[in-house]
Amino acid sequence: MNSIPPLSFAALMQRTHPGLLRNLAPDPEQARHAPNKTARQVNSGHYVEVRPTPLPAPRYVIHSQSFFQALGLADEVASDPVFMQFFTGDLDSGVAAAHAAGATHTVRASGWATGYALSIYGQEMVSNCPFRTGNGYGDGRAISVLEVLLADGQHWEFQLKGGGTTPYCRGGDGRAVLRSSIREFLASEAMAALRVPSARALCLFVSGSEKVTRPWYSPGAKTEEPDRMVDEPAAITTRAAPSFLRVGQVELFGRRARRNAHPHALAELEAIFLHALEREYPDLAAALDGPEVTLADKVVAMAREFGVRLSHLVAHWIRVGYCQGNFNSDNCALGGRTLDYCPFGFMEAYDPAFQMWIGGGEHFSFMNQPMAAVVNFRMFCTAMVPLLGQDASAIEALDEVVQALPDIMAGTLNAMWAQKLGLIEFRAELFAELHTLMAQTPVDYTIFWRELSSLPKQVADLRPSFYATRGAYGQDPTVMEVRWGAWLQKWHTALAQDGRDPLEVSMAMKQVNPKYIPREWMLVDAYRGATDAGDFTLVRRLHALLADPYSEQSSELASLYYTKKRDEYFDLGGTSHCSCSS
1 MNSIPPLSFA
11 ALMQRTHPGL
21 LRNLAPDPEQ
31 ARHAPNKTAR
41 QVNSGHYVEV
51 RPTPLPAPRY
61 VIHSQSFFQA
71 LGLADEVASD
81 PVFMQFFTGD
91 LDSGVAAAHA
101 AGATHTVRAS
111 GWATGYALSI
121 YGQEMVSNCP
131 FRTGNGYGDG
141 RAISVLEVLL
151 ADGQHWEFQL
161 KGGGTTPYCR
171 GGDGRAVLRS
181 SIREFLASEA
191 MAALRVPSAR
201 ALCLFVSGSE
211 KVTRPWYSPG
221 AKTEEPDRMV
231 DEPAAITTRA
241 APSFLRVGQV
251 ELFGRRARRN
261 AHPHALAELE
271 AIFLHALERE
281 YPDLAAALDG
291 PEVTLADKVV
301 AMAREFGVRL
311 SHLVAHWIRV
321 GYCQGNFNSD
331 NCALGGRTLD
341 YCPFGFMEAY
351 DPAFQMWIGG
361 GEHFSFMNQP
371 MAAVVNFRMF
381 CTAMVPLLGQ
391 DASAIEALDE
401 VVQALPDIMA
411 GTLNAMWAQK
421 LGLIEFRAEL
431 FAELHTLMAQ
441 TPVDYTIFWR
451 ELSSLPKQVA
461 DLRPSFYATR
471 GAYGQDPTVM
481 EVRWGAWLQK
491 WHTALAQDGR
501 DPLEVSMAMK
511 QVNPKYIPRE
521 WMLVDAYRGA
531 TDAGDFTLVR
541 RLHALLADPY
551 SEQSSELASL
561 YYTKKRDEYF
571 DLGGTSHCSC
581 SS
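For the sequence shown, position 154 matches number 154 in this note's numbering, and the numbering has no gaps at all.
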């Protein structure tokens, strides 16, 4: 059997397939405002062409070997100077490489940025827009530069995070810093390895000369807000997804259609919906491709599927202890994947109200993520209503989809909890008691579930996951020991009633309860070494560790990374909580 040789960068460029640029409309005023690098209102069109600002003196930090493999790229491509130039914003080099390779599609030397609206927990916002109109909010430092169609039919859009200013920059400098770029790279690739739907990270480069100023925490600071300004190296992470379409994006066009903001408003809404259907739900789009299928039919069908995907996404988040932190509509991807790793966090000491971001509030806390998803879904459906016109039956059908989602979400979550517990069916009373014990003890979320996966019968086997000096456990350990012992007995009774082989149950639980997650203190150690000393060793070590999160790995790695959060990290700025600066 002949193996397929890995692709070079030039060969990847030959697969350029600019679907978004073909299907959607550019800002009709972009030529007048060229080069489109300063904040302004964008009143119509789906995107603005804008060239990234190249990163000066770029230096390689890391690339994702697993994602390279998925793309068919050779690892050596990451050190190709043309690859580095292109993915640090010098698009001319990529265009030249594509032409030299005989690319059959037009490769552009400019990227594109998109506008979107914002809803915060169902409240339509315009105050975030500097013009108070909603026409100035969008990709302020994320610039898409390439779309490719692979031989297997998979479509990928590549986007530079930190690629410079766009019309949506709202006064920002358009850059990302190395600290936040490392967090995004490691977290997005860890999520992929955890089997959580997510945008991927292709590569990360840092500037050897450019620094930007950001507010951040002093070492040891326990203030809520950052307490100083720091000059940090500018960096660019290239992230990839089938699309970067968000609920907020269709909201923008839904609002314009609702207000009849310009003559093409309804047509632009229809165009972006059909593009989303084709790009994110290709099988559904093919099934709905017939003369008897109306636009309203397509809207209802995609809404139904999107709701299912959102339910599974949030269940995965809770399964691995992830909290998005800022689950606004503009951070809710239409494809049902994790997007925008900024104020995210992975929970350690279990707290249903866990939230890494100081501005996130209870509505975006860990156990409230299902409801936040339902609210975002409702805003998506509201944006779609203008496409239904006066079709009363379609409007009713869409409303039924909206009303059904909370039950679908609950069922998906219950199935996830049953899997984590090793049970065939969800047992509400057993879980409710466990949930209370976990919070009151509290337990380390990851270590507890992993240790439970070995089917312990004694409380002593779970004790390594207990934060024994915190919560109710530290106040009255004897009572808590008795309560935990009683729960374990009930759980084992439930397992026995299922009648499954204990070894198989344990193995299955270890495939849904990971051993390793990106704990914030791990990420802090990695980015501090990179930022302060230019040493990327720990970044690469963590990437390798997190690429295999369900395996036991070595005892040396376990002693370093399968450990609870240390006492000194609690309430520590940048480790227990953070601002949204990046």
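None of these hints come from the bench; they were simulated from the model.
Keep in mind it's a predicted model, so treat the numbers as computed, not measured.
Any given hint could be a false lead.
Claimed, not checked - Computed Cβ-Cβ distance ranges for the label pairs, DEER-style: (1) Y569 <-> G534: 41 to 49 Å; (2) D399 <-> K490: 52 to 60 Å; (3) P502 <-> S66: 31 to 39 Å; (4) Q475 <-> D75: 49 to 57 Å.
As the list claims (entries may be wrong) - Cross-link-like lysine-lysine pairs, in silico, DSS-like; alpha carbons within 25 Å at most: (5) K490 <-> K565; (6) K37 <-> K211; (7) K510 <-> K490.
All C-beta atoms, glycine included, are put in the ideal place defined by N, C-alpha and C.
A quick look at each hint next to the structure:
no.	hint	verdict
1	Y569 <-> G534: 41 to 49 Å	violated, 25 Å
2	D399 <-> K490: 52 to 60 Å	violated, 41 Å
3	P502 <-> S66: 31 to 39 Å	holds, 32 Å
4	Q475 <-> D75: 49 to 57 Å	holds, 53 Å
5	K490 <-> K565	violated, 29 Å
6	K37 <-> K211	holds, 19 Å
7	K510 <-> K490	holds, 21 Å
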